[in-house]
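2 protein chains.
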Amino acid sequence: MFEAPKDFNPDFFKSGGLIAAIAQDAESGEILMLAWMNEEAWNATLSTGEAHYWSRSRQKLWHKGESSGNVQKVLAIRLDCDSDAVILEIRQIGDAACHTGRKSCFYRRIVPGSNIAEICSPQIFDPAEVYKK
Amino acid sequence: MFEAPKDFNPDFFKSGGLIAAIAQDAESGEILMLAWMNEEAWNATLSTGEAHYWSRSRQKLWHKGESSGNVQKVLAIRLDCDSDAVILEIRQIGDAACHTGRKSCFYRRIVPGSNIAEICSPQIFDPAEVYKK
Numbered sequence: 021m022f023e024a025p026k027d028f029n030p031d032f033f034k035s036g037g038l039i040a041a042i043a044q045d046a047e048s049g050e051i052l053m054l055a056w057m058n059e060e061a062w063n064a065t066l067s068t069g070e071a072h073y074w075s076r077s078r079q080k081l082w083h084k085g086e087s088s089g090n091v092q093k094v095l096a097i098r099l100d101c102d103s104d105a106v107i108l109e110i111r112q113i114g115d116a117a118c119h120t121g122r123k124s125c126f127y128r129r130i131v132p133g134s135n136i137a138e139i140c141s142p143q144i145f146d147p148a149e150v151y152k153k
Numbered sequence: 021m022f023e024a025p026k027d028f029n030p031d032f033f034k035s036g037g038l039i040a041a042i043a044q045d046a047e048s049g050e051i052l053m054l055a056w057m058n059e060e061a062w063n064a065t066l067s068t069g070e071a072h073y074w075s076r077s078r079q080k081l082w083h084k085g086e087s088s089g090n091v092q093k094v095l096a097i098r099l100d101c102d103s104d105a106v107i108l109e110i111r112q113i114g115d116a117a118c119h120t121g122r123k124s125c126f127y128r129r130i131v132p133g134s135n136i137a138e139i140c141s142p143q144i145f146d147p148a149e150v151y152k153k
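Line by line, the protein sequences give chains W and L.
If you use the numbering used here, the first sequence corresponds to residues 21 to 153, in order.
If you use the numbering used here, the second sequence corresponds to residues 21 to 153, in order.
If you're looking for bench data, these hints aren't it; they were derived computationally from the structure.
It is possible that some hints are incorrect.
Identical copies go unnamed one by one, so any copy, or any two together, can satisfy a pair.
Straight-line distance between alpha carbons at most 20 Å, and here's what the computed EDC-like set of lysine to aspartate or glutamate pairs gives [said to hold, decoys possible]:
hint : residue 1 : residue 2
1    : Lys26     : Asp146
2    : Lys26     : Glu149
3    : Lys26     : Asp115
4    : Lys80     : Asp102
5    : Lys26     : Glu138
6    : Lys34     : Asp104
7    : Lys26     : Asp102
8    : Lys80     : Glu149
For clarity, every value in this text was computed on a predicted model and none was experimentally measured.
Please model the complete structure; the sequences and the hints are all you need to start from.
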C-alpha cells in the first residue's frame with residue numbers, strides 16, 4: 021500500500037517506543053483524534069492503508085474500527101521535522117472518530133472572554149448502539 | 021486571557037506530567053506542529069494567550085518564538101475526550117512554525133504508489149538568519 025522511503029522513518033526510541041499520530045480529515049482538514057503508534061502499528065498502517073495504533077490503556081495493537089467497522093482509510097502520511105509525530109490524512113468510515121459518537125475527539129472548545137466550554141463537534145452516532153455495551 | 025472552566029482541565033498525570041499539544045493554523049486548518057505541555061506551560065498559555073510548551077530536549081518551559089519573535093497567538097483551545105491532548109488554534113507570527121523555516125513541521129508527505137517523500141510545506145525563512153547560529 022504505502023512504500024515509505026528510507027528517509028521517512030519515524031524515531032520510535034525518543035518516547036519509549038511510541039510516536040504521536042494525528043488523524044486529520046483529508047477533505048475538511050478537521051483534526052479528528054490523536055493516538056499513539058509503535059513500530060508494529062506503523063508497519064500495519066503502511067501495509068494495509070488503514071490506521072492502526074497502539075492502545076496505551078489496553079497495551080495492544082489497535083486496528084481503529086475493528087469492532088465498530090468505522091475504520092480510517094489513510095490517503096497520505098506526513099512526518100514532522102524531528103520524526104516523532106505523524107499526520108494521517110484519512111477518510112473516516114461512519115463519519116465519527118470518537119468513541120463518544122462525535123465526529124472529532126476534540127469536541128470541547130474555549131475562547132477568550134467566556135468561561136464556558138462550547139461543544140464544537142456534532143454527535144454522529146449513539147455509542148451504546150454501535151458498541152453494544 | 022483564557023478562563024478555563026472546571027470541566028476543561030487536562031489530565032497531566034497520564035503521560036508523566038505531559039499532554040500533547042497540536043498547533044493548528046486557525047485560518048487554513050493546516051497542522052503546523054506538535055509539542056508538549058506540562059501544567060506550567062498550560063497555565064502560561066492560558067494567562068498570556070501565547071503558546072507555551074515544555075521542551076523535552078532542554079527540560080524547560082519554552083515560550084514559542086521567544087528567540088525569533090515568531091510567537092503563536094492562541095485564538096481558541098480544544099480538549100479531547102480523554103483530556104490528554106489539546107489543539108491550539110493559532111495565528112503564527114512570521115508564518116513559519118518550524119525551526120527549519122518551513123510553515124509546518126509536517127513538511128514531508130507520502131502517498132500510495134510512490135516511494136518518494138514530497139515536500140508539502142514551503143520554506144518561509146532561512147533559519148541561519150533568524151536564529152543567528
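Status of the hints after comparison with the structure:
Taking CA atoms no more than 20 Å apart as the test, Lys26 paired with Asp146 passes in neither setting, with 43 Å inside one copy and 26 Å between copies. In this homomeric assembly, Lys26 and Glu149 never come within 20 Å of each other (Cα to Cα): the closest approach is 44 Å inside a single copy and 30 Å across copies. Taking CA atoms no more than 20 Å apart as the test, Lys26 paired with Asp115 passes in neither setting, with 33 Å inside one copy and 30 Å between copies. Taking the closest pair of Cα atoms, Lys80 and Asp102 come within 20 Å of each other only across two copies (18 Å); inside a single copy the shortest separation is 26 Å, beyond that limit.
Taking identical chains as interchangeable, the C-alpha atoms of Lys26 and Glu138 lie at most 20 Å apart only when they sit on different chains, with a minimum of 13 Å there against 44 Å within one chain. Proximity of Lys34 and Asp104 under a CA criterion of 20 Å is satisfied in both settings, with 7 Å inside one chain copy and 19 Å between copies. For a Cα distance limit of 20 Å, the shortest separation of Lys26 from Asp102 inside one copy, 15 Å, qualifies, whereas the shortest one across copies, 35 Å, does not. For the homomeric pair Lys80 and Glu149, neither the shortest alpha-carbon distance inside one copy (24 Å) nor that between copies (46 Å) is at most 20 Å.
In terms of the numbered hints stated before, the structure departs from hints 1, 2, 3, 8, listed from lowest to highest.
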